[in-house]
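Top to bottom, those sequences are chains L and R.
Using this note's numbering, the letters of the first sequence correspond one by one to residues 3 to 201.
Using this note's numbering, the letters of the second sequence correspond one by one to residues 35 to 303.
Careful: at least some of the hints might be erroneous.
[Unchecked claim] Cβ pair distances, simulated, as ranges:
1. ALA88(L) - GLY105(R): 24 to 34 Å
2. GLY94(R) - ARG76(L): 17 to 27 Å
3. PRO145(R) - TRP161(L): 49 to 59 Å
4. ALA150(L) - THR110(R): 44 to 54 Å
5. PRO254(R) - LEU138(L): 28 to 38 Å
These are calculated hints, taken from the structure and not from any lab test.
Owing to the predicted nature of the structure, the values given are computational and were not obtained by experimental measurement.
Even glycine gets a Cβ: it sits at the ideal position worked out from N, Cα and C.
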Amino acid sequence: MRLYLRSRGLPGALAALLGTAAAAAWAAWWLVSLPDFDHTARLPVVVLGPLLAAGVIGTSLHTPSDELDRTAVRAWWPRRLAHLLAPTALAVGLLALAVPGHAEEFGAPAAVRNTLGLVGMAASAAPLVGARLSWLPPTFYAGVVYLAAPSGTEGGAAWWAWVTRPGPEGEAWAVAAVAFAAGTALYAWRGSRRTTGEA
Amino acid sequence: MNQPATVAVTGLTVRHRRTVALDALDLSLSPGVHGLLGPNGAGKTSLIRVLATVAAPSSGRVELLGGDVAGHRERTAIRRRLGYLPQEFGYYPGFTVREFVAYVAWLKEVPADRAAAAVERAVARVGLADRIDDRIKTLSGGMVRRAGIAQAIVNEPELLLLDEPTAGLDPEQRVDFRELLRELGTEATVVVSTHLVEDVAAACTDVALIEGGRLAFRGPTAELAALGGESAAPGDSTTNAIERGYTAALRTHRESAGAGAVRTKEALR
């Protein structure tokens with residue numbers, strides 16, 4: 003068990019998660035402390051923090067010994083599920099703590115929602131493009147939305163631009179929840195795409 | 035040959051996209067060391083992967099150690115008693131030999147109280163005992179291969195599948211390895227896929243030769259050697275009887291299968 007965790011580079015991933023949360027907390031504090039900004043300026047933190055966390059979790063799904071893992075006696079899906087859920091729970095907790103106060107405007111609820119949604123995207127990317135590249139789709143998506151999203155909800159923005167919504171909209175939560183559920187299910191079922199030979 | 039078969043394959047077909055890797059193959063194996071010969075791309079690896087329960091067949095029935103691999107519970111029981119060395123196996127670069135073999139022992143559910151001893155025994159059997167706490171990435175290619183063999187035998191499998199186990203081993207190591215094979219073959223069913231006929235001649239009691247996804251020859255090693263006959267022309271570039279037998283069996287198979295193969299390809303279009 004200990005060896006399994008090490009083989010997936012989880013110590014490194016955990017350190018990266020802690021670092022991300024610390025950086026997000028600092029950035030949130032710093033942005034708010036700037037004279038011209040108030041707590042609404044935490045949008046980049048609420049997007050970037052979860053995005054980094056999703057990238058870390060997504061790439062940690064990589065296995066170096068795929069062919070041997072397939073001969074394992076027990077089914078993999080419970081382990082995959084645990085592997086995805088445990089760090090996600092940790093990331094959710096840490097990032098929620100990183101943006102204290104003002105729950106309505108880019109506070110803890112938005113951080114939690116974005117972490118779940120983006121991890122879900124990374125998890126569904128792992129079976130499709132391989133765990134090593136699983137950070138790409140969420141990054142691409144978050145980048146485009148961050149640049150293109152309107153500040154209001156016109157044109158169904160609460161649906162497609164959920165990562166940039168301030169917090170409590172039900173639509174944004176629904177999309178993030180679906181992304182997380184679908185990603186988790188897909189990864190648990192399929193596992194990462196075979197990338198043996200790429201070393 | 036009167037022992038019960040540990041491997042029984044009937045009508046096994048494996049397709050990769052549009053190419054047929056194995057074409058309705060029938061094969062049964064009992065304890066002993068079996069050589070699996072064939073040219074590159076003949077389907078050796080596809081067969082080994084199906085037998086290792088790593089890949090699912092497109093159609094056909096595979097029974098291993100008395101259980102059908104299609105059943106979930108039976109497959110679990112089979113995997114506990116199976117050893118597999120893939121052609122290319124990945125490993126976490128930070129692992130030592132001990133950790134790598136212990137990881138596989140954990141995958142195979144070797145009971146925790148016996149695992150440490152099983153790991154040391156497996157590593158000692160492949161002659162890596164003095165390097166057991168070295169990181170795998172610091173080992174030479176032949177040593178990595180031997181670490182791979184160690185992980186395959188850590189659970190003392192009853193069915194051991196080795197895909198190109200001798201690639202990268204030096205001549206002395208290969209001699210030691212054949213010794214180990216013969217020892218393992220007294221109790222277990224060992225399948226060695228290779229294209230080095232010397233390995234087959236020295237270590238295998240019995241040969242299966244596949245070509246184009248079909249069985250071209252099946253029988254004792256001596257029979258394949260006999261097929262080759264005496265060295266013919268002075269320009270003959272084969273060096274021993276097995277090699278001649280191998281080439282002869284392949285040619286016969288190609289001639290007889292030639293017409294059939296064309297028909298199969300037509301049918302697939």
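Now for the hints, and whether the structure bears them out:
1. Separated by about 31 Å at the C-beta atoms, ALA88(L) and GLY105(R) satisfy the suggested range of 24 to 34 Å.
2. At roughly 26 Å, the beta carbons of GLY94(R) and ARG76(L) sit within the given window of 17 to 27 Å.
3. Separated by about 52 Å at the C-beta atoms, PRO145(R) and TRP161(L) satisfy the suggested range of 49 to 59 Å.
4. Evaluation of the 44 to 54 Å hint for ALA150(L) and THR110(R) yields a pass: the beta carbon distance comes to about 50 Å.
5. A hinted range of 28 to 38 Å for the beta carbons of PRO254(R) and LEU138(L) is inconsistent with their spacing of about 55 Å.
Consistency note: the structure conflicts with earlier hint 5 alone.
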